Amino acid sequence: MNTAMHASNPMNPLRSATRLAGIAGIAVLFAATIATTATAAESAISVAEQKVFLDDHLRTVGPSGVLRYRYTRTGTLEKGIDDHVALTIRPKGATRSVEVAYLSGERRVTLPPLDDAKANPVILYFLEQDVRDMHRRLGGSENYFRRRIRLAFAETADVHPTTAMVDGREVAATEVVIRPFVDDPMKERLGPSQNKSYAFVLSDRVAGGIVRLRSRVENDAARDGPVPTGGTPLIEDELSFDPRAK
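Using the numbering used here, read the sequence shown as starting at 2 and increasing by one per residue.
Honestly, I wouldn't trust all of these hints.
Here are the simulated SDA-like cross-link-like pairs (lysine to any residue), alpha carbons at most 20 Å apart as the crow flies [what the hints assert, rightly or not]:
{"hint": "1", "residue 1": "93", "residue 2": "64"}
{"hint": "2", "residue 1": "119", "residue 2": "94"}
{"hint": "3", "residue 1": "119", "residue 2": "60"}
{"hint": "4", "residue 1": "80", "residue 2": "138"}
{"hint": "5", "residue 1": "119", "residue 2": "87"}
{"hint": "6", "residue 1": "188", "residue 2": "156"}
{"hint": "7", "residue 1": "52", "residue 2": "241"}
{"hint": "8", "residue 1": "119", "residue 2": "63"}
{"hint": "9", "residue 1": "188", "residue 2": "140"}
{"hint": "10", "residue 1": "52", "residue 2": "162"}
{"hint": "11", "residue 1": "80", "residue 2": "104"}
{"hint": "12", "residue 1": "52", "residue 2": "178"}
{"hint": "13", "residue 1": "119", "residue 2": "48"}
{"hint": "14", "residue 1": "119", "residue 2": "55"}
{"hint": "15", "residue 1": "93", "residue 2": "119"}
{"hint": "16", "residue 1": "52", "residue 2": "206"}
{"hint": "17", "residue 1": "52", "residue 2": "215"}
{"hint": "18", "residue 1": "119", "residue 2": "56"}
{"hint": "19", "residue 1": "80", "residue 2": "106"}
{"hint": "20", "residue 1": "188", "residue 2": "136"}
{"hint": "21", "residue 1": "80", "residue 2": "131"}
{"hint": "22", "residue 1": "80", "residue 2": "236"}
{"hint": "23", "residue 1": "247", "residue 2": "67"}
{"hint": "24", "residue 1": "247", "residue 2": "81"}
{"hint": "25", "residue 1": "119", "residue 2": "96"}
{"hint": "26", "residue 1": "247", "residue 2": "66"}
{"hint": "27", "residue 1": "80", "residue 2": "239"}
{"hint": "28", "residue 1": "188", "residue 2": "137"}
{"hint": "29", "residue 1": "119", "residue 2": "100"}
{"hint": "30", "residue 1": "188", "residue 2": "235"}
{"hint": "31", "residue 1": "93", "residue 2": "116"}
{"hint": "32", "residue 1": "247", "residue 2": "108"}
{"hint": "33", "residue 1": "247", "residue 2": "69"}
{"hint": "34", "residue 1": "188", "residue 2": "131"}
{"hint": "35", "residue 1": "119", "residue 2": "91"}
{"hint": "36", "residue 1": "247", "residue 2": "89"}
{"hint": "37", "residue 1": "119", "residue 2": "69"}
{"hint": "38", "residue 1": "247", "residue 2": "106"}
{"hint": "39", "residue 1": "80", "residue 2": "109"}
Because the hints were derived from the structure by calculation, they are not lab data. None of these values were measured; they are calculated from a predicted model.
Produce the entire structure from the sequences given, and follow the hints as far as they go.
In structure tokens, the structure reads:
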């Protein structure tokens, strides 16, 4: 990817940095990429933003507890990964603090500690890791990728009801799907990643509200459909709720 993307702004501004920080709460790294003034029309919060960044996912946990997730990477592009994530919630005065141990060893992602979190912070860790990996593989600007993802949540996300299997039981859930680069004027520079899809499966029947987070790049970049699933992917990252993950 050409590093000219550092200065690119392919769509209208999504939000001011201050407003984005309010929407995501903990999405400081995403918020800081956009420092422009929002118009009145742009200030409305989308359903996808509400579901992913504003809903109180942690209300099902209580003042303390540990949430565990399994992280996997599969596909033909890179060596597979099988790792884990732990989110530890502790009381802190009238609120609570959240500590996230996201992956291990050289893959570990570290962000500032979080106080009084309501949305599940593993979402932002997942997105931040994804952005850093895209930068590593494709070059270009991390802020550019963050901006495209934020725009997709605000403008083009598909939100629909679904069901999911969790620990052997079926639960009602909501799926949020985005494809941030499919309409990008510079998508040809992304190669197969231009059709990259993200799917977020959320449910209040699951502690912490997160059933599964997934990003996927197909071997066939021209594949149609909102959530390409055919064949072996070029690369697929998935984080799933797993109380037994260690």
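20 Å Cα cutoff - pair residue 119, residue 87: holds, 16 Å
Pairwise hint evaluation, residue 206 against residue 52, where the allowed Cα distance is 20 Å at most: Cα-Cα ~14 Å, so holds.
Hint consistency between residue 52 and residue 178 [alpha-carbon to alpha-carbon, up to 20 Å]: This hinted pair holds, its Cα atoms lying about 12 Å apart.
Pair hint residue 247 and residue 106, alpha-carbon separation not exceeding 20 Å: With Cα atoms ~14 Å apart, residue 247 and residue 106 stay inside 20 Å; holds.
Pair hint residue 188 and residue 156, alpha-carbon separation not exceeding 20 Å: With a Cα-Cα distance of about 17 Å, the restraint between residue 188 and residue 156 holds, given a limit of 20 Å.
20 Å limit on alpha-carbon distance, applied to hinted pair residue 119 and residue 60: Satisfied, since the Cα-Cα distance of roughly 7 Å is no more than 20 Å.
Hint consistency between residue 52 and residue 215 [alpha-carbon to alpha-carbon, up to 20 Å]: Between residue 52 and residue 215 the Cα gap is close to 16 Å, so the pair holds against 20 Å.
Given hint residue 104 paired with residue 80 - CA-CA distance at most 20 Å: This hinted pair holds, its Cα atoms lying about 16 Å apart.
Pair hint outcome, residue 119 versus residue 55 [Cα-Cα no greater than 20 Å]: holds, 8 Å
Given pair status - residue 108, residue 247, alpha carbons within 20 Å: holds, 16 Å
Pairwise hint evaluation, residue 131 against residue 80, where the allowed Cα distance is 20 Å at most: OK: residue 80 and residue 131 at ~16 Å, within 20 Å.
Satisfaction of hint between residue 56 and residue 119, Cα-Cα up to 20 Å: Distance ~7 Å between residue 119 and residue 56 Cα, so the pair holds.
Violated hints: none; the structure is consistent with every hint.
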